[in-house]
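K.L.:
Protein chains in written order, with the numbering used here: chain A, 1 to 329; chain B, 1 to 329; chain W, 1 to 329; chain S, 1 to 329; chain P, 1 to 329; chain Z, 1 to 329.
It is worth saying that the hints were derived from the structure and are not from the lab.
Since no wrong hints were added, every one of them can be taken at face value.
Identical chains blur together in the list; that is why a pair holds if it fits in one copy or across any two.
Dumping the calculated DSS-like pairs for lysine-lysine here, alpha-carbon to alpha-carbon at most 27 Å:
1) K91 x K326
2) K260 x K326
3) K84 x K274
4) K144 x K84
5) K91 x K144
These numbers were taken from a predicted model, which means no experiment stands behind them.
There are 6 protein chains.
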Amino acid sequence: MPTAPSGALPNIPWEDRPSDSSAVLWRSSRNPIIPRDLISRANSIFNSAVVPFGARFAGVFRVGGPTPVMPLAAGFSPAGVDWKLDEATIKWEPTDDRVREIQETFVHAYDPRVTWLEDRYYVTWCNGYHGPTIGVGYTHDFRKFYQLENAFLPFNRNGVLFPRRVNGMYQMLSRPSDNGHTPFGDIYLSESPDLIHWGRHRQVMSTRPYTWESTKVGAGPTPIETSEGWLLFYHGVLTSCNGFVYSFGAALLDLDQPWKVIARSRDYLISPQKQYEQVGDVQNVTFPCAALLDEPTGRVTIYYGAADTVTCLAHGYLDDIISFVKERS
Amino acid sequence: MPTAPSGALPNIPWEDRPSDSSAVLWRSSRNPIIPRDLISRANSIFNSAVVPFGARFAGVFRVGGPTPVMPLAAGFSPAGVDWKLDEATIKWEPTDDRVREIQETFVHAYDPRVTWLEDRYYVTWCNGYHGPTIGVGYTHDFRKFYQLENAFLPFNRNGVLFPRRVNGMYQMLSRPSDNGHTPFGDIYLSESPDLIHWGRHRQVMSTRPYTWESTKVGAGPTPIETSEGWLLFYHGVLTSCNGFVYSFGAALLDLDQPWKVIARSRDYLISPQKQYEQVGDVQNVTFPCAALLDEPTGRVTIYYGAADTVTCLAHGYLDDIISFVKERS
Amino acid sequence: MPTAPSGALPNIPWEDRPSDSSAVLWRSSRNPIIPRDLISRANSIFNSAVVPFGARFAGVFRVGGPTPVMPLAAGFSPAGVDWKLDEATIKWEPTDDRVREIQETFVHAYDPRVTWLEDRYYVTWCNGYHGPTIGVGYTHDFRKFYQLENAFLPFNRNGVLFPRRVNGMYQMLSRPSDNGHTPFGDIYLSESPDLIHWGRHRQVMSTRPYTWESTKVGAGPTPIETSEGWLLFYHGVLTSCNGFVYSFGAALLDLDQPWKVIARSRDYLISPQKQYEQVGDVQNVTFPCAALLDEPTGRVTIYYGAADTVTCLAHGYLDDIISFVKERS
Amino acid sequence: MPTAPSGALPNIPWEDRPSDSSAVLWRSSRNPIIPRDLISRANSIFNSAVVPFGARFAGVFRVGGPTPVMPLAAGFSPAGVDWKLDEATIKWEPTDDRVREIQETFVHAYDPRVTWLEDRYYVTWCNGYHGPTIGVGYTHDFRKFYQLENAFLPFNRNGVLFPRRVNGMYQMLSRPSDNGHTPFGDIYLSESPDLIHWGRHRQVMSTRPYTWESTKVGAGPTPIETSEGWLLFYHGVLTSCNGFVYSFGAALLDLDQPWKVIARSRDYLISPQKQYEQVGDVQNVTFPCAALLDEPTGRVTIYYGAADTVTCLAHGYLDDIISFVKERS
Amino acid sequence: MPTAPSGALPNIPWEDRPSDSSAVLWRSSRNPIIPRDLISRANSIFNSAVVPFGARFAGVFRVGGPTPVMPLAAGFSPAGVDWKLDEATIKWEPTDDRVREIQETFVHAYDPRVTWLEDRYYVTWCNGYHGPTIGVGYTHDFRKFYQLENAFLPFNRNGVLFPRRVNGMYQMLSRPSDNGHTPFGDIYLSESPDLIHWGRHRQVMSTRPYTWESTKVGAGPTPIETSEGWLLFYHGVLTSCNGFVYSFGAALLDLDQPWKVIARSRDYLISPQKQYEQVGDVQNVTFPCAALLDEPTGRVTIYYGAADTVTCLAHGYLDDIISFVKERS
Amino acid sequence: MPTAPSGALPNIPWEDRPSDSSAVLWRSSRNPIIPRDLISRANSIFNSAVVPFGARFAGVFRVGGPTPVMPLAAGFSPAGVDWKLDEATIKWEPTDDRVREIQETFVHAYDPRVTWLEDRYYVTWCNGYHGPTIGVGYTHDFRKFYQLENAFLPFNRNGVLFPRRVNGMYQMLSRPSDNGHTPFGDIYLSESPDLIHWGRHRQVMSTRPYTWESTKVGAGPTPIETSEGWLLFYHGVLTSCNGFVYSFGAALLDLDQPWKVIARSRDYLISPQKQYEQVGDVQNVTFPCAALLDEPTGRVTIYYGAADTVTCLAHGYLDDIISFVKERS
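With these hints in hand, go ahead and build the complete structure from the sequences.
P.N.:
Structure, rendered in structure tokens:
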């Protein structure tokens, strides 16, 4: 049985900043760390969520296949870079009879996030139920998975849980959307006493015209608690004449009133500039879904999907990132 | 202090079925009962909700004006036909400090419904908060009004409460939408322990291709409890080459599992066929928001907005309507 | 058994040109001659096709109902104005086993035309088969109807047969379209040796920018053979900022090469100017589907749908119409 | 040869405010004063510009016909209500050889304004030149008309001249647009030393969300000079789910810096509420193009097009209108 | 004079499956076998059709050039990999005078298929005639080409003939479309007694939601007759937020009722994963137009266009492909 | 103080035509000559304008950054290939008080052109003023920059000045547009006596259907005066199913009536075929903004943006280009 992850993560996947770089975040030289065809019949593996799991790492992965329905798969890695994914996709055990009702109309599942919360790993994902909405489930071991009710009505995407209650209530970020390639999207916060019923919805952040985040914004990895506030990595999208471009930046949210933005960088941290980010099933996408932190060293490693095709890593230092967010705000 | 309305409503506004008609629902000869300019500076009064209120009737009204923001107004009527509306629009008292937060970004309020529930009149409406969503409030006297949290994340419209708890939980129908003239829309049901947090969302009814309800459907008046199930009047929209056409029909929902449809009429009950329904600020709209029932006689009177401009009445008998729904299902 | 209609039609429905009018075509003072609710449960009766039938008149009618699927109904009239329609919609008998295949996916049927051709009344209509296309059938008596193969692949509308073969081949006009409220459309001609296989497709007429026929054009009634060419009434559509406007005009096609336009009026003959043409299920529609001719007097009577709701008549003289087409060409 | 109109216009068309009305602007009981078919072959006469002309009135009229190209026609009236229009449309004499170049690609001409400026009547209109732009011309007698260069590049509409120079420069309002049914539009001001070359373009007024002017705004009649500023009537458009709705209001612009708005009413003055404004070639349009003022009495009469079909009058008092603009600002 | 190709094609272009691959279809290591600039002034050479031609290979090629109109060109190859294309594009000789009529409005020609049928090589292609439709012609020697009538009305693309009559009738697959970058499309079958008149149109396959073929599907190479049915390679398109993605899969159609699908793989065979498929004039396109079979060995080689820029090869074994289609169905 | 550039430019950046090429224009082997990150925090440097500046070269550069607003920066280069850009973006000094008014609403600035005209370097660019329009300014030294009035009303892009007056008037090409990713666009010419007021607008060139320039065309570098006419390089755009493709070609305009096209090549000169043109922030873009000429040798070097990310060079000979334009016209 797992216990709460401590703040130290000495085996965090890591590469030092290249000597010729002064970037706040830099890419792994091993990118993409997960190729599109790691497992048989996979078309793509991306937008995936990783957490420390004992001495190793575990994760839930978005796997696109040649077959229609997009599923999620679990995986493990000794060092967070070299992954072994289950060929069988995750089967969700309903936590009560009523959850079976929403399972009957299963359409697809994608863009997972994983959060250690109280006593287990919660998974949230984009769950098809007459349109996309936020699925919620949990696992203790990344082998057996249990499904709760969907958090919201359709249409919604990018539901991200906070790693602890705030003011006694569970907190979830999400991005209300429509039923297509939504050309708008703000980040909202909702709270819940029981992870089933949600309310007190607040807008957290909107888009900014004429920028890398002018079309929509959505929460990325589980927010990281820092003394300066909740550090939130989030994606922003602009619409060029040839489609969407997904970059990502960061913001700091108030620790006690997390719908309030303390600081938000005007610059992106990463935009699609490498071949594996620019070319693939969807061009020009960098999409973060997980972040690891080794508190003693301040090392941060971000897992992000590239071009909706492969999975990549970026590295940085917590203090640098926080300074960047505050100074460029 | 008001008490629960009894099932008898002998003063229900009423006209007998015209002798040359065999229609299940027929229009009042006094339509429109509320003209567009009943109060000064009103451009339109429509999509409004009426309930018995002691020996009289009270209601919450959508009032469009020459001034920008759409507000709600309260009104009273001795017999439900001749209305007096407050010139001042409703001012919502927040029920706690956090409700003030959503009041700060007030944009507009429209399409109210009123439901007697337990010990007061609850009002739901389309409430602008970074996009349309479902506002919730209550009143005891239609003079002082109190606002609760919005029920859902944007984007949502047509939130309708059930008049009692089911399985111990409050129930609300709604129609998730987008931020424009939404060209899609199904009816969903959500439940809540406290009218603040909502969950266990279920799709209730979708559209039907090539019919009067092929583009979207939305709940109308508060559902009426009958021995055959919850009687729900709802609007359906088709898209002609010259825009939307709003008609309305009815369905029966399971008493204990109200997300399950028992019967649903394939015919509409009313479609825009009268000049006051076909011509106005928005052509070809009939949109029901309230229904009164006199149980002893089975008389049903529906208040519906016409052409987004005026308010009208239609009459029928409960048994006829239920038979119609079941036979044409 | 019917025989070929002679050119004389002394009982043609008729009203003289109003004394204060110099119009080429004038409306019947009895318009609409068929109300929207002539038969029970009808929502609308429009875009319908009438032919002489012995001493009376018979027709195939587009009937919109409160129930979803749009069907066709047959009807009879002693004088062409006072109609009796069958409550039961037309049931098509397949002419061979393969026609059954296309009947299995029946969706809807609308906008019929009827043409006496060789030895029977052929009916063409917009037939739903994975999208709109041209259905073909025939009747001898307007009681029993037989269905042939669809003439074309989807997506097509407004298929109109010529009343005799030209150069030994059957001829059909049609308007290729898409699967929605098509914002484009030209008139084409196709020929067939057997009414089953069609080929040698030719464009006949396209739209004209900045006119009443700038968005699309489609053939109306069966072309009338005259010494000057085939007289074709056709509808033209413009797109105002508030939707489509359907007017109609006329053209003359070459007798032997009917894909060649001899003359085409730049003016419309009728545009939506009467309340019953401007207000209804679809605003601003006049849509002709049938034309009768009494050769000895030159009287022409056109049946046209108004506002997609009711059926109307317009009258004129053949010579005036032909002069109009030639002079305004 | 005409001379400058004096401020007194005792024969201004006029009806007193109805006794049961407190409206700032009221409609003529004779509306529509010009029917759609005043002249032969006219389909519609609307969006037309009238000025005092000696003891009578003269104007330039938008005439829609059954024939394709939309032209302008001149007309005269003894009292401003009963009009006689030329059957022949206006033929523009080029003022130099280069103007001939733009005449060669003539497409259409519509929505004229007429302004007495210095020594003649200037006409501006929407002139088709590879897209709509602002045509400029003049007349001394409404019989012979002379054309200057187009003021701007396409795409533009609603060009309105000021009745005198400001700071030595000619001034023109316009509404840059696109080449279709433009879903956006602000009012701009440009200045010119010679009525040929234009520059120093400034935005004057934009749209307001959630109001009767949320989609676009455009200048109406020639601005009226008052001690409070230039009084500008202008149309505003909202987009309902069934199309555009054109209302009109008013604003005051700074006398010396006319791109600065001093006051702008939040209420409309007239919105489409009469059958002749709600039903016609384009539903729900009221569109002002001319305003007359009798200075001694303060009477103002506005000519506006209704439903893109007919021409109407509205009356009011200058002081009331100015007060309305300032108080509701 | 050519004779019917036998089933043996020992000189089929071929590479063995790479030792590290278990794919059903694998790419040639020489891809792209035809570069975009093989002939002078060519911008791209793709979506091209190849057949055995005596001891060599011949083909009809889509050549995009810097000059506007897209033409077809013929070419020859000794081994099917190294191609020599005619610099002059194909000139079609009309087979009768009426075909000249459709040649007069020639717009463009693209996406050819070539089929040996009875006694000659038939060519079908997307032929511009007031919109795209299916051109039909033939050649004996790939030097002189003869044109027949277009098979269908516009709008249509991807017309593919069967290599023999079925039930005495010629058979053609096609994909009805609209006049732009059609966002829908199913495969239909039509039959003809004479290759001029076509009828008995049947829908064969539609799209599948949430898959690589969710937007449209279209027939690829000439179907291959096997004991299990007609093997049809076909392209499927999904719409990502950055545009269309063209993959291809396969299906088996009934030998005698070829509009009936026996089996259809849920997996694609090839999707755009190589640089030359992902980057080019149109990103992410793999589009098969021809397939060769060597019956004795079961070797299949597919010619497909990549990125609308170059031409590529893929190889596989007939039995493997059939098994794949049946097992993944 | 600079003086007029002479026609000789012996230090023009140059590479000879590759020996295996017969292209009229060929790319530099050093492309991209300016990488996306030449200066710190730059995301992209492209669509930039270069001129000879004494013995060196100077330019104005479009710099995209991670921060929102797009600015212009100045730069210098000894040989035109190795550039040093100012980290600080250009600050425009208003030439009079009224110019300050348009500076107050500064939004963005991009796609500059630089032209030596009479006695200074004029800069034109796409300037955000309630939508894109043409900014105008000048510099003597590329250190201090002065801003004039915007030339036109919004919406406009690609304003390009001629290097001398024609018939005594300044001349500017531009491309009227809308406020988004405009899907249309022709090249127009306007003239001005003072660089402030503009008029006599003429359409110069429109798009050509089914070609590389079927969606829009826009002027590129400053036109080059030759004995054959003004040589204009211009971009043309087609719309593939996956977005816009920007190529460029050339035309010759009449020396005295520069709105008249003497010759216009049907072929493009350059289309996106290299990785750096096909992959980047916007795929498939080649966009020329400056051209240098060494008259004695006839060498022409074009600066063009690639993929909206980097800056590139292409070379050719003036005579070859003119011949190409005339022969392929």
